[in-house]
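These protein sequences, in sequence, are chains A and B.
The opening residue of the first sequence carries number 83 in our numbering; numbering runs sequentially from there.
The opening residue of the second sequence carries number 83 in our numbering; numbering runs sequentially from there.
Mixed in with the good hints there might be a few duds.
Note that identical chains are pooled: a pair holds if it fits in a single copy or bridges any two copies.
Said to hold, decoys possible - As a list, the in silico DSSO-like pairs of lysine-lysine whose alpha-carbon atoms are at most 27 Å apart:
no. : residue 1 : residue 2
1   : K170      : K207
2   : K95       : K205
3   : K137      : K314
4   : K116      : K207
5   : K169      : K121
6   : K121      : K205
7   : K310      : K205
8   : K169      : K205
These aren't lab readings, by the way, just hints derived from the structure by calculation.
Every value quoted in this text rests on a predicted model; they were computed, and no experiment measured them.
Number of protein chains: 2
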Amino acid sequence: MINKLIKKIEQSKAPIVVGLDPMLSYIPDHVKEKAYQEKGETLAGAAQAIWEFNKAIVDATYDLIPAVKPQIAMYEQFGIEGLIAFKKTVDYCKEKDLVVIGDIKRGDIGSTSAAYATGHLGKVKVGGNTYCGFDEDFATINPYLGSDGVEPFIDVCKEEKKGLFILVKTSNPSSGEFQDQLIGGRPLYELVGEKVAEWGEKCMGDQYSYVGAVVGATYPEMGKILRKIMPKTYILVPGYGAQGGKGEDLVHYFNKDGLGLS
Amino acid sequence: MINKLIKKIEQSKAPIVVGLDPMLSYIPDHVKEKAYQEKGETLAGAAQAIWEFNKAIVDATYDLIPAVKPQIAMYEQFGIEGLIAFKKTVDYCKEKDLVVIGDIKRGDIGSTSAAYATGHLGKVKVGGNTYCGFDEDFATINPYLGSDGVEPFIDVCKEEKKGLFILVKTSNPSSGEFQDQLIGGRPLYELVGEKVAEWGEKCMGDQYSYVGAVVGATYPEMGKILRKIMPKTYILVPGYGAQGGKGEDLVHYFNKDGLGLS
Chain A
83 MINKLIKKIE
93 QSKAPIVVGL
103 DPMLSYIPDH
113 VKEKAYQEKG
123 ETLAGAAQAI
133 WEFNKAIVDA
143 TYDLIPAVKP
153 QIAMYEQFGI
163 EGLIAFKKTV
173 DYCKEKDLVV
183 IGDIKRGDIG
193 STSAAYATGH
203 LGKVKVGGNT
213 YCGFDEDFAT
223 INPYLGSDGV
233 EPFIDVCKEE
243 KKGLFILVKT
253 SNPSSGEFQD
263 QLIGGRPLYE
273 LVGEKVAEWG
283 EKCMGDQYSY
293 VGAVVGATYP
303 EMGKILRKIM
313 PKTYILVPGY
323 GAQGGKGEDL
333 VHYFNKDGLG
343 LS
Chain B
83 MINKLIKKIE
93 QSKAPIVVGL
103 DPMLSYIPDH
113 VKEKAYQEKG
123 ETLAGAAQAI
133 WEFNKAIVDA
143 TYDLIPAVKP
153 QIAMYEQFGI
163 EGLIAFKKTV
173 DYCKEKDLVV
183 IGDIKRGDIG
193 STSAAYATGH
203 LGKVKVGGNT
213 YCGFDEDFAT
223 INPYLGSDGV
233 EPFIDVCKEE
243 KKGLFILVKT
253 SNPSSGEFQD
263 QLIGGRPLYE
273 LVGEKVAEWG
283 EKCMGDQYSY
293 VGAVVGATYP
303 EMGKILRKIM
313 PKTYILVPGY
323 GAQGGKGEDL
333 VHYFNKDGLG
343 LS
């Protein structure tokens with residue numbers, strides 16, 4: 083899937099992922115009104131509005147972009163109905179041959195991480211049948227629990243040829259509280275970056291690993307160092323635009339072949 | 083809700099939370115067969131088996147225990163159908179007046195954490211109506227993104243009188259990879275513990291804060307130190323039993339009034 087992502091970025095000449103993080107307040111009134119007429123001012127109505135809005139974005143962009151990144155929290159806030167809209171969005175994007183990065187930031191101990199990996203990237207067995215739960219192509223994950231929380235995701239990625247983006251340095255203002263703490267003179271995020279590179283060695287695509295990293299656009303100097311620590315790691319760079327990251331800041335994140343995802 | 087939890091622990095004399103983490107392989111064959119007869123060997127069939135199994139556990143224990151902790155990953159692996167079983171389980175446990183700790187380990191940047199907090203602990207507005215998504219009483223959360231990832235959860239807790247358990251030191255073997263790294267001579271988990279105590283000051287119940295901590299039973303010496311760093315923090319102690327934590331190891335986690343949750 084990392085190979086497909088890179089090929090699609092090369093074809094589209096757009097190292098861009100479109101976020102599908104619908105807030106009801108961003109959705110045009112006429113979309114909401116139509117949905118509420120059909121389903122009422124209910125969770126199902128909100129989910130319908132989100133789905134219609136996403137579909138319009140995808141229809142307008144799918145031939146120009148390589149990938150989308152739905153943020154599951156924005157769906158989960160509407161409970162089951164919201165997650166049905168998430169699943170419909172994932173399925174529709176895959177129909178349109180977009181690479182789908184589930185921004186789920188899951189992470190837990192071994193068997194629990196295995197269950198998340200199964201639900202989002204893998205297949206689950208029920209009696210004699212196997213099913214996909216959500217079936218994204220990539221998932222973002224949280225490294226705080228260490229290797230045995232990450233490896234079950236890598237196992238599923240190997241089997242399914244899917245990928246991960248592991249949080250290394252996040253784009254938010256207080257990300258430094260823990261991530262920047264110095265350990266033997268070096269910040270924690272560098273140590274996490276080294277681990278990501280090490281985990282990534284176990285799961286290589288043609289040029290890049292199936293195991294990528296999340297490094298916020300708001301910290302360009304850190305991006306430069308992390309690029310060196312993780313030479314084969316694809317980097318997902320959130321924080322461009324609304325959060326204050328600038329185009330010129332992104333240059334350090336990308337390898338000399340100019341690929342990357344912002 | 084922390085007051086209710088403590089009151090229920092005092093009444094039941096059982097500082098125990100029952101995990102509702104159903105693996106299909108643990109569910110008796112006759113429960114699965116009945117569910118598959120009704121719904122087929124499908125995701126809906128698996129969800130039905132999980133729900134029936136949970137209901138039996140809850141019916142057998144609800145008058146003896148204060149709280150349950152459903153692990154959402156075990157439901158999420160079955161996609162939407164699994165999450166419907168999660169929601170049914172949460173609702174049923176609340177009907178039985180159990181305190182429900184959603185073991186969801188969510189965490190993200192500001193507005194995204196706010197969406198998770200809304201979905202699991204709060205209320206969402208759709209037009210003129212408000213709804214609950216999953217509506218647990220407590221949620222476990224991941225601190226890696228720092229204060230601005232945690233505070234939206236605290237805001238919702240204040241409004242709804244609900245609570246959190248924040249990961250400080252987890253019970254898994256490789257938790258030390260990042261959590262034990264020394265920062266100015268002290269491990270990261272102590273720094274996280276201090277932050278949890280600080281966040282907790284903003285949201286106090288009668289004796290304890292609404293903001294609790296997760297500290298694995300498998301590291302009793304660390305529990306002793308963290309108990310001192312976080313004197314008003316209720317501690318959720320997983321890892322007792324199958325993961326190797328022993329009863330005698332738990333003594334350091336509890337305050338002199340003997341309360342706690344294992």
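Hint by hint, work out which the structure violates, then give me just those numbers in ascending order.
Hints 2, 3 and 7 contradicted; others consistent.
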